[in-house]
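Asker: The primary structure of each chain is shown beneath.
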Amino acid sequence: MTTKVEVKNLTKIFGKRVNKAKELLMAGASKADILKETGATVGVDRANFTVDEGEIFVIMGLSGSGKSTTIRMLNRLIEPTNGQVILDGQDVMAMSKDELREIRRHKMSMVFQNFALLPNRTVLENAEYGLEIQGVDKATREKQANDALEMVGLTGYNDQYPTQLSGGMQQRVGLARALANDPEILLMDEAFSALDPLNRKEMQNELLDLQENMQKTIIFISHDLNEALRIGDHIMIMRDGEIVQIGSPEEILTHPANDYVERFIEDVDRSKVLTASRVMIRPVTVNIDKDGPRITLRRMRENEISSLYVIDNQHHMVGLVDARDVIQLIKDNNRDLSSIINHDVPTVEMDTPLKSMMDEASHSPLPIAVLDDRNRLQGIIIRGAVLDALNGNGGDSHD
Amino acid sequence: MTSLPKLPLAKWVNEFVSWLTQFEGFFQAITNFLNAIINSFQWLFDLLPQWLFVAIIMGLTLYLNRKKQKWSLLLLEFFGFWYISNQGYWRDMTQTLTLVLTSSLIAIVIGIPLGIWMAKSDKVRTVVNPILDFMQTMPAFVYLIPAVAFFGIGMAPGVVASVIFAMPPTVRMTNLGIRQVPYDLIEAANSFGSTSWQKLTQVQLPIAKSTIMAGVNQSMMLSLSMVVIASMIGAMGLGTKVYFAVGRNDAGSGFTAGFAIVILAIILDRVTQAFNQSKNK
Ligand SMILES: Nc1ncnc2c1ncn2[C@@H]1O[C@H](COP(=O)(O)OP(=O)(O)OP(=O)(O)O)[C@@H](O)[C@H]1O
Ligand SMILES: [Mg+2]
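So the protein sequences, as listed, match chains A and B. So for the first sequence, this note's numbering puts the first residue at 1; every next one is plus one. So for the second sequence, this note's numbering puts the first residue at 1; every next one is plus one.
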């Protein structure tokens, strides 16, 4: 993976006595003290992170934690007080006005929290706006704007004015305006906040498609952890202008860096994020090519369970045997397990989300077998594990 | 307090004004320029037959209000112009209209760029604002004196006095309108890589337009309020009729001419408003 954006020590101090405030900050003063002493607000404090090409990088944090400030420093809509932004190896901070304008025109487009549509322009004209600034001819820009509007599912409203649309529709116009530019990087400041759940999901999928098919790099601010977990390749959590944790969704969920992050993920809908491999446990098995009914029965007794998964020498899943059948087999003095194997067992794959197996888990009395792509038994999931994981205790049983 | 001698402010102003008169050529050039505009308007109005003039105004009104017709305005225009013609004030009315249109045109041409400059720079605003206050609150009569000194007698000094008195709303409202453009729209314009000029023409002016037009409308009304005063220095028109009526103590013709001014004011006001709204979709 190549790095698309690299941010080093990025800092923003708002207010008057910025230099004094900066000195204090570097000397380790707290934000409250800096505010008291100089009246300046530290918006973002020495942020360091990298965004890979083609990933969706989600920034989260409570209101006022510095998300919008951070994202606006990437294209210098807000001039950083200190630090560096490296875009494709180029130092954005060192760019002249003209160079910066080129970057804004062609490389990065922004979608705004409050839409920021031009009220005197129609939907189509708004979507054309970025291209118009670049001096693209009318026919081309109309076509590109139309395509973008179609992409966001907003056809037939071309001649309406923004005030005639619902908030969600306006938000999609804002997205189309950014997409019409065909930028390499999309900066999205709570771009889906005004969408209803259904449209939101649709737009998330659209974004995932965009990322996958067109290799767009997307930096996305969200207040919604479920959204972040669903679309993010990496999630960065901010608090009071500082970065608290950066990690993949799973890392964030399973190893929250501190109480703040933990509180953040408290009420997440884990079923959508956690996968089968996260909650499965090591199965007790017997090998059909090696073991007979007596060993099977002993293992059941040792582990106090009434059924066992059967595998072969290659670790392929064969099926399940039940204690009563095993005892019958011993009574009959039969050494071959194959006659009593139940082949009709519930199976899932390693990356199946919990959400899609909740039904199965709650109805099936049998533990669910987790298979890898070569049909080998990697683990089993017992009913309690699913419920546990959804209650926030998930994941650790695997390690 | 009382022992202090009287400040020779009046003397200073007089000296300043007479010092300015040495730039006679400069003021003559301005006078010629103003007369060129005034004469073009007047030439056009003299050329148009009355019925055609009324038809054009009513047609324009119909067009501007095409979304939602205001029949009362059309009636007002029809009967209003009929009244003016009937009372024999037609040419006076067109002279007054010439004065108003010329003053408004100049107020727009100077006022809007000045307002833009004010909006872009706090320093400029700090300097210009008190000047505008001064221009607006100083009794309009006072402008007549230097206006005559520099521009002689006639329409041109009338226009100058009207412009000074009437321009402030255009400047102020332009400044206000541009400053009121929501910051997120400016931010959006910047984020897509606008130049300052693109930002001004594509975002700031279009969004500030109705505010600016409200300022222009006010300027127009103020310059109309100057017509009687301007008539004292030889600016012809309805104002002259009122002025003469006052001199002859003739309440009747004072009223008929004054009423014609009122009609013209209402029509101008409504038509510019309709113009404003129609451009705002
Ligand atoms: N123009 C400004 N002047 C002064 N302080 C500012 C300015 N913009 C932001 N701040 C401060 O910087 C901090 C971070 O603000 P920012 O807008 O980045 O937060 P955010 O995480 O985007 O919040 P939200 O979720 O509410 O959008 C806040 O304390 C805010 O008060
Ligand atoms: Mg924000």
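Errors might be hidden in some of the hints.
Calculated cross-link-like contacts (lysine-lysine; reagent style BS3-like; alpha-carbon spacing at most 30 angstroms) [stated by the list, open to error]:
1) 355(A) <-> 331(A)
2) 97(A) <-> 67(B)
3) 290(A) <-> 355(A)
4) 107(A) <-> 123(B)
5) 20(A) <-> 36(A)
6) 36(A) <-> 22(A)
7) 123(B) <-> 20(A)
8) 11(B) <-> 120(B)
9) 70(B) <-> 107(A)
10) 199(B) <-> 138(A)
11) 70(B) <-> 123(B)
12) 11(B) <-> 22(A)
13) 36(A) <-> 8(A)
14) 8(A) <-> 143(A)
15) 120(B) <-> 20(A)
16) 67(B) <-> 16(A)
17) 107(A) <-> 201(A)
18) 20(A) <-> 31(A)
19) 201(A) <-> 20(A)
20) 8(A) <-> 107(A)
21) 11(B) <-> 138(A)
22) 107(A) <-> 143(A)
23) 201(A) <-> 143(A)
24) 16(A) <-> 97(A)
25) 123(B) <-> 209(B)
26) 97(A) <-> 120(B)
27) 16(A) <-> 120(B)
28) 199(B) <-> 97(A)
29) 97(A) <-> 36(A)
30) 16(A) <-> 31(A)
31) 8(A) <-> 20(A)
32) 16(A) <-> 36(A)
33) 209(B) <-> 138(A)
34) 8(A) <-> 22(A)
35) 209(B) <-> 16(A)
36) 138(A) <-> 22(A)
37) 199(B) <-> 143(A)
38) 123(B) <-> 97(A)
39) 70(B) <-> 199(B)
40) 107(A) <-> 138(A)
Worth flagging that the hints you see were computed from the coordinates, not collected in a lab.
Asker: Compare the structure with each hint and give your call.
Answerer: Taking the hints in turn, this is what the structure says about them:
This hinted pair does not check out: residue 355(A) and residue 331(A) have alpha carbons roughly 43 angstroms apart, beyond 30 angstroms. Taking the CA atoms of residue 97(A) and residue 67(B), the gap is about 44 angstroms. The hint is violated against a cut of 30 angstroms. Pair hint residue 290(A) plus residue 355(A) does not hold up; C-alpha atoms about 37 angstroms apart against a cutoff of 30 angstroms. Distance hint between residue 107(A) and residue 123(B) is unfulfilled; the C-alpha atoms sit about 36 angstroms from each other, more than 30 angstroms.
Pair hint residue 20(A) plus residue 36(A) holds up; C-alpha atoms about 12 angstroms apart against a cutoff of 30 angstroms. As the CA atoms of residue 36(A) and residue 22(A) are separated by approximately 14 angstroms, the hinted pair is consistent with the 30 angstroms bound. Pair hint residue 123(B) plus residue 20(A) holds up; C-alpha atoms about 26 angstroms apart against a cutoff of 30 angstroms. Using a Cα cut-off of 30 angstroms, the hinted pair residue 11(B) and residue 120(B) is violated, with the two alpha carbons roughly 38 angstroms apart.
Note on residue 70(B) and residue 107(A): the hinted pairing is violated, with a Cα-Cα distance of about 50 angstroms set against a maximum of 30 angstroms. Under the criterion of a C-alpha separation no larger than 30 angstroms, the hint pairing residue 199(B) with residue 138(A) is consistent with the structure, at around 19 angstroms. Distance check on the hinted pair: residue 70(B) and residue 123(B) sit about 44 angstroms apart at the alpha-carbon level, beyond 30 angstroms; violated. For the hint pairing residue 11(B) with residue 22(A), the CA-to-CA distance comes to about 57 angstroms; that exceeds 30 angstroms, so the pair is violated.
As the CA atoms of residue 36(A) and residue 8(A) are separated by approximately 27 angstroms, the hinted pair is consistent with the 30 angstroms bound. Distance restraint check for residue 8(A) and residue 143(A): the Cα-Cα separation of roughly 39 angstroms exceeds the 30 angstroms cut-off, and the hinted pair is therefore not satisfied. Only pairs whose Cα atoms come within 30 angstroms are accepted, and residue 120(B) paired with residue 20(A) is accepted, the gap being roughly 29 angstroms. Simply put, residue 67(B) and residue 16(A) have alpha-carbon atoms about 51 angstroms apart, too far for the 30 angstroms limit, and the pair is violated.
For the hint linking residue 107(A) to residue 201(A), the alpha-carbon distance of about 26 angstroms falls within 30 angstroms, and the restraint holds. Between residue 20(A) and residue 31(A), the direct Cα distance comes to roughly 13 angstroms. Compliance with the 30 angstroms bound is thereby established for this hinted pair. Our distance criterion of 30 angstroms between C-alpha atoms is broken by residue 201(A) and residue 20(A), whose separation comes to about 46 angstroms. Distance check on the hinted pair: residue 8(A) and residue 107(A) sit about 20 angstroms apart at the alpha-carbon level, within 30 angstroms; holds.
Simply put, residue 11(B) and residue 138(A) have alpha-carbon atoms about 63 angstroms apart, too far for the 30 angstroms limit, and the pair is violated. Taking the CA atoms of residue 107(A) and residue 143(A), the gap is about 20 angstroms. The hint holds against a cut of 30 angstroms. With a CA separation close to 26 angstroms, the supplied pair residue 201(A) and residue 143(A) stays within the 30 angstroms bound. A threshold of 30 angstroms between alpha carbons decides the hint, and for residue 16(A) with residue 97(A) the separation of about 24 angstroms falls inside it, so the pair holds.
For a cut-off of 30 angstroms, the pair hint linking residue 123(B) to residue 209(B) stands: about 23 angstroms separates their Cα positions. Taking the CA atoms of residue 97(A) and residue 120(B), the gap is near 18 angstroms; set against the 30 angstroms cutoff, the hint holds. Annotation: proposed proximity of residue 16(A) to residue 120(B) holds, straight-line Cα distance about 20 angstroms (limit 30 angstroms). With a C-alpha separation of about 15 angstroms, the suggested pairing of residue 199(B) with residue 97(A) holds against the 30 angstroms cut-off.
Between residue 97(A) and residue 36(A), the direct Cα distance comes to roughly 35 angstroms. Violation of the 30 angstroms bound is thereby established for this hinted pair. Between the alpha carbons of residue 16(A) and residue 31(A) the distance comes to roughly 15 angstroms, so the proposed pair stays at or under 30 angstroms and holds. Between residue 8(A) and residue 20(A) the CA atoms are separated by roughly 21 angstroms; this keeps the pair inside 30 angstroms, and the hint holds. As the CA atoms of residue 16(A) and residue 36(A) are separated by approximately 13 angstroms, the hinted pair is consistent with the 30 angstroms bound.
For the suggested pair residue 209(B) and residue 138(A), the alpha carbons sit about 24 angstroms apart, so the restraint of at most 30 angstroms is met. Distance hint between residue 8(A) and residue 22(A) is fulfilled; the C-alpha atoms sit about 16 angstroms from each other, no more than 30 angstroms. The hinted pair formed by residue 209(B) and residue 16(A) fails the criterion: a straight-line CA distance of about 34 angstroms is larger than 30 angstroms. The hinted pair formed by residue 138(A) and residue 22(A) fails the criterion: a straight-line CA distance of about 48 angstroms is larger than 30 angstroms.
Of the supplied pair hints, the one linking residue 199(B) and residue 143(A) holds, its CA atoms being roughly 24 angstroms apart against a limit of 30 angstroms. Annotation: proposed proximity of residue 123(B) to residue 97(A) holds, straight-line Cα distance about 24 angstroms (limit 30 angstroms). The hinted pair formed by residue 70(B) and residue 199(B) fails the criterion: a straight-line CA distance of about 35 angstroms is larger than 30 angstroms. This hinted pair checks out: residue 107(A) and residue 138(A) have alpha carbons roughly 21 angstroms apart, not beyond 30 angstroms.
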